[in-house]
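Chemist: If you count the sequence shown from 1, you need to add 1250 to reach the working numbering.
It should be emphasised that the hints constitute simulated quantities derived from the structure, not laboratory data.
Ideal Cβ positions, reconstructed from N, Cα and C, are used throughout, including at glycine.
Take these hints with a grain of salt, some might be off.
[Said to hold, decoys possible] Derived DEER-like restraints, expressed as beta-carbon distance ranges: (1) R1488 with R1446: 19 to 27 Å; (2) D1417 with G1309: 19 to 27 Å; (3) T1497 with P1384: 43 to 51 Å; (4) G1386 with D1428: 18 to 26 Å; (5) E1279 with P1389: 16 to 24 Å.
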Amino acid sequence: MRIAEHIDALETAGRALAGAAEAAGPDAEVPTCPGWRVRDLLRHTTMVHRWVTGLVVEGGGEYRAGASEPDLDGAALLAHYREGHAGLVAALRAAPETLTAWTFLPAPSPLAFWARRQAHETTVHRVDAESALPEGPGPVGAALAADGVDELLAGFHARERSRVRADRPRTLRLRATDTGDVWTVRLSAAPPVTERGGTASGPVDTEVSASADRLYLLLWNRLPAAEVTATGDPEPLRLWRETSAVTWS
1251 MRIAEHIDAL ETAGRALAGA AEAAGPDAEV PTCPGWRVRD LLRHTTMVHR WVTGLVVEGG
1311 GEYRAGASEP DLDGAALLAH YREGHAGLVA ALRAAPETLT AWTFLPAPSP LAFWARRQAH
1371 ETTVHRVDAE SALPEGPGPV GAALAADGVD ELLAGFHARE RSRVRADRPR TLRLRATDTG
1431 DVWTVRLSAA PPVTERGGTA SGPVDTEVSA SADRLYLLLW NRLPAAEVTA TGDPEPLRLW
1491 RETSAVTWS
């Protein structure tokens, strides 16, 4: 996906998040984030948006800590979230392709990194906000979902800090039934290694087939494993569910 497409996805997801939060109300529970209510989700997401806006606007390659979550609630919190989201979208659209900024995953450029990262940060939290509604979350576009699977597997879980480790070598294959994308994840005592290729074949311990949207939400632990088609050994999926939570630092 291009930088402009990621920024468009960020804008769309952020507006949908706000709409769902407003409809659900600040006290509504967020089923996909146990222990959180909508106000917690808004406070977290606006804090991240404003922190990244600072990194983009101020530039430079050094890490900068952001402000703490706002002590706001109700309509004031929602307005604060909307303002911060709009500011991030505007900052990314105005940033030059030569932007220098701190990042934490490999990317073609800092601008490409932050546009992509915030598109997925906000899309996942849009799903969280919509999980507080009776009708539940809407779908994630196939191209964005496949891109997000790539970011999670080849980015976050390629790092040494990934906690997804197996006591013996195991393989997990993920097939996106709508896009044709295939990822083969090799688990061991080292960080997972992901091979990407539409013609991947050969024996694996576990294979999961679903739309890119379902795989995206499964891997971000926003979808129960029972809602996808899985064959083979259930252990790799259990390992993933229990150890794959990620942090940026």
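Chemist: Decide, hint by hint, whether the structure agrees.
Modeler: Evaluated hints:
| no. | hint | verdict |
| --- | --- | --- |
| 1 | R1488 with R1446: 19 to 27 Å | holds (23 Å) |
| 2 | D1417 with G1309: 19 to 27 Å | violated (45 Å) |
| 3 | T1497 with P1384: 43 to 51 Å | violated (31 Å) |
| 4 | G1386 with D1428: 18 to 26 Å | holds (20 Å) |
| 5 | E1279 with P1389: 16 to 24 Å | holds (22 Å) |
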